[in-house]
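With the hints as your guide, set chain B onto chain A.
If you read the sequences in order, they're chains A and B. The first sequence runs 1 to 467 under the UniProt record's numbering. The second sequence runs 1 to 467 under the UniProt record's numbering.
Any given hint could turn out to be false.
Calculated pairs, BS3-like style, for lysine-lysine (alpha carbon to alpha carbon, straight line, at most 25 Å) [as the list claims (entries may be wrong)]:
#1 A/K439 with B/K218
#2 A/K439 with A/K346
#3 B/K403 with A/K248
Far from chain A, some chain B residues (derived; all Cβ distances over 12 Å) [stated by the list, open to error]:
#4 D30
#5 E122
#6 K405
Keep in mind that the hints were calculated from the coordinates and are not lab data. Keep in mind that this is a model prediction, so the values were computed, not measured. Where is the CB? At the ideal position from N, CA and C, for every residue including glycine.
2 protein chains.
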Amino acid sequence: MGMDYQSINPDLLRQFKSIVGEAYVLTEADDLEKYSHDETEDLVYYPQVVAKPQTTEQVAALLKLCNENHIPVTPRGAGTGLSGGALPVNQGLVIAMERFNKIINIDEDNLQATVEPGVITEVFMDAVAEKGLLYPVDPASKGSCFIGGNVSHGSGGPRVVKYGTIREYVLNLQVVLANGDVIWTGANTLKYASGYNLTQLMIGSEGTLGIVTAIVVKLIPQPKYTALMLASFETNELACGAVSAIFKAGVIPSTLEFMERKGIEWVIKFDGLAFDLKDNIQAFLLIEVDGNNQDVILENCEQINTVLETFECKDVLFADTTDQKEALWKIRRTMPVSVKSNSVYKEEDTVVPRAALPQLIKGIKEIGGRYGFESVCYGHAGDGNLHVNIIKGDMSDADWNTKLKDGIREIFELTVSLGGTLSGEHGIGLVQKDYMQIKYTDVHFALWRGIKNTFDPNGILNPGKIF
Amino acid sequence: MGMDYQSINPDLLRQFKSIVGEAYVLTEADDLEKYSHDETEDLVYYPQVVAKPQTTEQVAALLKLCNENHIPVTPRGAGTGLSGGALPVNQGLVIAMERFNKIINIDEDNLQATVEPGVITEVFMDAVAEKGLLYPVDPASKGSCFIGGNVSHGSGGPRVVKYGTIREYVLNLQVVLANGDVIWTGANTLKYASGYNLTQLMIGSEGTLGIVTAIVVKLIPQPKYTALMLASFETNELACGAVSAIFKAGVIPSTLEFMERKGIEWVIKFDGLAFDLKDNIQAFLLIEVDGNNQDVILENCEQINTVLETFECKDVLFADTTDQKEALWKIRRTMPVSVKSNSVYKEEDTVVPRAALPQLIKGIKEIGGRYGFESVCYGHAGDGNLHVNIIKGDMSDADWNTKLKDGIREIFELTVSLGGTLSGEHGIGLVQKDYMQIKYTDVHFALWRGIKNTFDPNGILNPGKIF
Numbered sequence: 001m002g003m004d005y006q007s008i009n010p011d012l013l014r015q016f017k018s019i020v021g022e023a024y025v026l027t028e029a030d031d032l033e034k035y036s037h038d039e040t041e042d043l044v045y046y047p048q049v050v051a052k053p054q055t056t057e058q059v060a061a062l063l064k065l066c067n068e069n070h071i072p073v074t075p076r077g078a079g080t081g082l083s084g085g086a087l088p089v090n091q092g093l094v095i096a097m098e099r100f101n102k103i104i105n106i107d108e109d110n111l112q113a114t115v116e117p118g119v120i121t122e123v124f125m126d127a128v129a130e131k132g133l134l135y136p137v138d139p140a141s142k143g144s145c146f147i148g149g150n151v152s153h154g155s156g157g158p159r160v161v162k163y164g165t166i167r168e169y170v171l172n173l174q175v176v177l178a179n180g181d182v183i184w185t186g187a188n189t190l191k192y193a194s195g196y197n198l199t200q201l202m203i204g205s206e207g208t209l210g211i212v213t214a215i216v217v218k219l220i221p222q223p224k225y226t227a228l229m230l231a232s233f234e235t236n237e238l239a240c241g242a243v244s245a246i247f248k249a250g251v252i253p254s255t256l257e258f259m260e261r262k263g264i265e266w267v268i269k270f271d272g273l274a275f276d277l278k279d280n281i282q283a284f285l286l287i288e289v290d291g292n293n294q295d296v297i298l299e300n301c302e303q304i305n306t307v308l309e310t311f312e313c314k315d316v317l318f319a320d321t322t323d324q325k326e327a328l329w330k331i332r333r334t335m336p337v338s339v340k341s342n343s344v345y346k347e348e349d350t351v352v353p354r355a356a357l358p359q360l361i362k363g364i365k366e367i368g369g370r371y372g373f374e375s376v377c378y379g380h381a382g383d384g385n386l387h388v389n390i391i392k393g394d395m396s397d398a399d400w401n402t403k404l405k406d407g408i409r410e411i412f413e414l415t416v417s418l419g420g421t422l423s424g425e426h427g428i429g430l431v432q433k434d435y436m437q438i439k440y441t442d443v444h445f446a447l448w449r450g451i452k453n454t455f456d457p458n459g460i461l462n463p464g465k466i467f
Numbered sequence: 001m002g003m004d005y006q007s008i009n010p011d012l013l014r015q016f017k018s019i020v021g022e023a024y025v026l027t028e029a030d031d032l033e034k035y036s037h038d039e040t041e042d043l044v045y046y047p048q049v050v051a052k053p054q055t056t057e058q059v060a061a062l063l064k065l066c067n068e069n070h071i072p073v074t075p076r077g078a079g080t081g082l083s084g085g086a087l088p089v090n091q092g093l094v095i096a097m098e099r100f101n102k103i104i105n106i107d108e109d110n111l112q113a114t115v116e117p118g119v120i121t122e123v124f125m126d127a128v129a130e131k132g133l134l135y136p137v138d139p140a141s142k143g144s145c146f147i148g149g150n151v152s153h154g155s156g157g158p159r160v161v162k163y164g165t166i167r168e169y170v171l172n173l174q175v176v177l178a179n180g181d182v183i184w185t186g187a188n189t190l191k192y193a194s195g196y197n198l199t200q201l202m203i204g205s206e207g208t209l210g211i212v213t214a215i216v217v218k219l220i221p222q223p224k225y226t227a228l229m230l231a232s233f234e235t236n237e238l239a240c241g242a243v244s245a246i247f248k249a250g251v252i253p254s255t256l257e258f259m260e261r262k263g264i265e266w267v268i269k270f271d272g273l274a275f276d277l278k279d280n281i282q283a284f285l286l287i288e289v290d291g292n293n294q295d296v297i298l299e300n301c302e303q304i305n306t307v308l309e310t311f312e313c314k315d316v317l318f319a320d321t322t323d324q325k326e327a328l329w330k331i332r333r334t335m336p337v338s339v340k341s342n343s344v345y346k347e348e349d350t351v352v353p354r355a356a357l358p359q360l361i362k363g364i365k366e367i368g369g370r371y372g373f374e375s376v377c378y379g380h381a382g383d384g385n386l387h388v389n390i391i392k393g394d395m396s397d398a399d400w401n402t403k404l405k406d407g408i409r410e411i412f413e414l415t416v417s418l419g420g421t422l423s424g425e426h427g428i429g430l431v432q433k434d435y436m437q438i439k440y441t442d443v444h445f446a447l448w449r450g451i452k453n454t455f456d457p458n459g460i461l462n463p464g465k466i467f
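Next comes chain A alone, as it looks inside the complex (with noise of 0.2 Å):
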């Protein structure tokens, strides 16, 4: 793959105006500032140009020119990416996907929906939801975030637990690929047996292998009802213990989320919450149930009740009211921003089978111990996701930037002994590319490389990430 990248020269420049329209091309650096980072901590790379098509032949005739001229191109969803996989590394030209911003139909039918990569996710949600329907992939960034990054990331979000990652729900993909072909990856059907599945390997590639232009997504009925809980356990491994005996006990959750003490200090640091932690209380478990039968509904939380009390719980919150609901998803949803306004941090996204999660973060805390770095663990525990938030604290200077790669790869090596991998839902990006030699083998890797230069032979796209 060609890493012999050209500059945009003023001609490329004249030809990328006469594409998208003069207004959509960016070269000022006030302009670009916005495409120079995205949620990844502190790191910035400006692009050279920016470009802001709208349709898929602007996106194809931009690639065709820049394949042939060896200019790199970073595509770019919303920018709330957490691994920098929408970083320009190598400069060059991001296509950014805002304009590709409508939803082109709901299919009420089929159960199916095409929606434009630059959606909102949120919006495209309350879109189906006014039809009855769900798109239940929702990423705690679902307000912000567009439906095309999730798909380039395999997003999962809370719910997956019970209804599964957008790998479940992406039916059909049209893609641009580098040399500026557009195809349709598969079909807009629920079941698809016809040669090797493009859909699904485009999902996670991370803009690596094409760019997406406009998306199929399955939907599925709304539920009517939903009960919230939020449960205290003395120790992590019985609040772990409890989310397997959960679904041993036949009850599927519509979301099973962990929060260690130290993210409930956080909050109740930084965000004033008023909340009785008591001193005894390591791990929390905030539970949610969803159907249409309320009966059931109050079943299931008698049902997890009993699961609770065999792993002595010592207190269970049960929300009656959507306000009591909402101030218990608020404890969660606030955890990430409360220690990320608040601290120099650094986020990994680890993933175990979920009975692991104990060791993981027992680990975790050990390892801190000894590189010297504090963490603020949460996630969704009934997918053995945990994201981890490393504190700086009181590590110095020297210590945060050059000693923390070593603690974080011993974070994914034990992740990995554990059965594990590197990114559950963030991608790996930029900043998580060093340590996949932790997981994966040069066969692997070989493997990988030959589908990018199927894909990629000039090695244009995203260049820099995943590996």
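Then chain B, alone, in the frame of chain A:
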């Protein structure tokens, strides 16, 4: 990709025997007969040699040798395939996976199991059911097919409508590549955002990219109760309209099967089914609801009934007892056997967005009228997946052997024009591959070939299949 395949010489045969043991290498015509066909109509291709390895290391050693010597290799599960995927069309070596028949573990804490590919699907389902767990991917051949074959074909079955295909249950695969390298494709986790998803790429690749030697699957809690009903309609349009409306009413049935009148006629005629088939009835839906609460199941049945009435449903047979349920299921399960045992036939596996089913069936009958063939249609209406059994009937041998292909082509052209694709769950294999160009372009073929070439540069794995 090399088409300069070699035949297996005495020296190689000796090496095969030293790898897997003399008793597990077959070369006599009588022994090879079983491996010369699958359940795809009447095709016969004898391999030169069959080897039956028992370990991943043995598979790796066999593949390494075959790769170095350009011996075509056809992996084989239970031989229940309906698209000719297991037929050794270039002779060479068949690697029969029947000795990979162990359930390695059922992990009740993580609701996962690790299973070898030669385990019969129903044997595995029963083993997890004993622990109160459900593995819901139950193709019609579940009593004889292997779970490894299910992975290779991306299999489905009647419960996909609620539970999804095998694609949503496989977490990780151990795979031997063409050159003998062994990898795990991913991690034993419910989420995965760590590079191109090789697990999903392997699923449905029909043995052309590697040989699976271990499978990690997700399990879910076993629902306690089911209800089953058979609804009859005057037209296909009304039956299929009801399918969409059931979902819109907020109910997700665990099965939603369509059967056309002609299918029931065959079961009455050839299996002595006692059924009062009214003259005005054209289409049937077999609807199952499952869950843990009898009241909710009853409520769901009532909701479904209300929908059915809106679509002028003429009659609903409700199964009260286990025997009655079995009797209704038997109609659906007998249908394929009844058709296939009593006629010269070809089965095609079409899939469209579900609301397009009436147009598909209508078009198939019209095409049959022009070409002189009858057809019996049934399938997974909730998924838009229709199995089309084309019956020779009064068609002349000449027309059957020459003109029929054009008729089948027209069926697939119609399927594609309705937004569908060639196969929902049977795969492309040998018998559908000539039709792939109806839907896919040179760009798709180039991507598929590039992927194939990355995994299997000498083209030894299951040559002549898919494309």
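Evaluation of the provided hints:
no.	hint	in the structure
1	A/K439 with B/K218	holds, 21 Å
2	A/K439 with A/K346	holds, 21 Å
3	B/K403 with A/K248	violated, 56 Å
4	D30	holds, 33 Å
5	E122	holds, 20 Å
6	K405	holds, 18 Å
In the structure shown, a violation is registered for the earlier hint numbered 3 alone.
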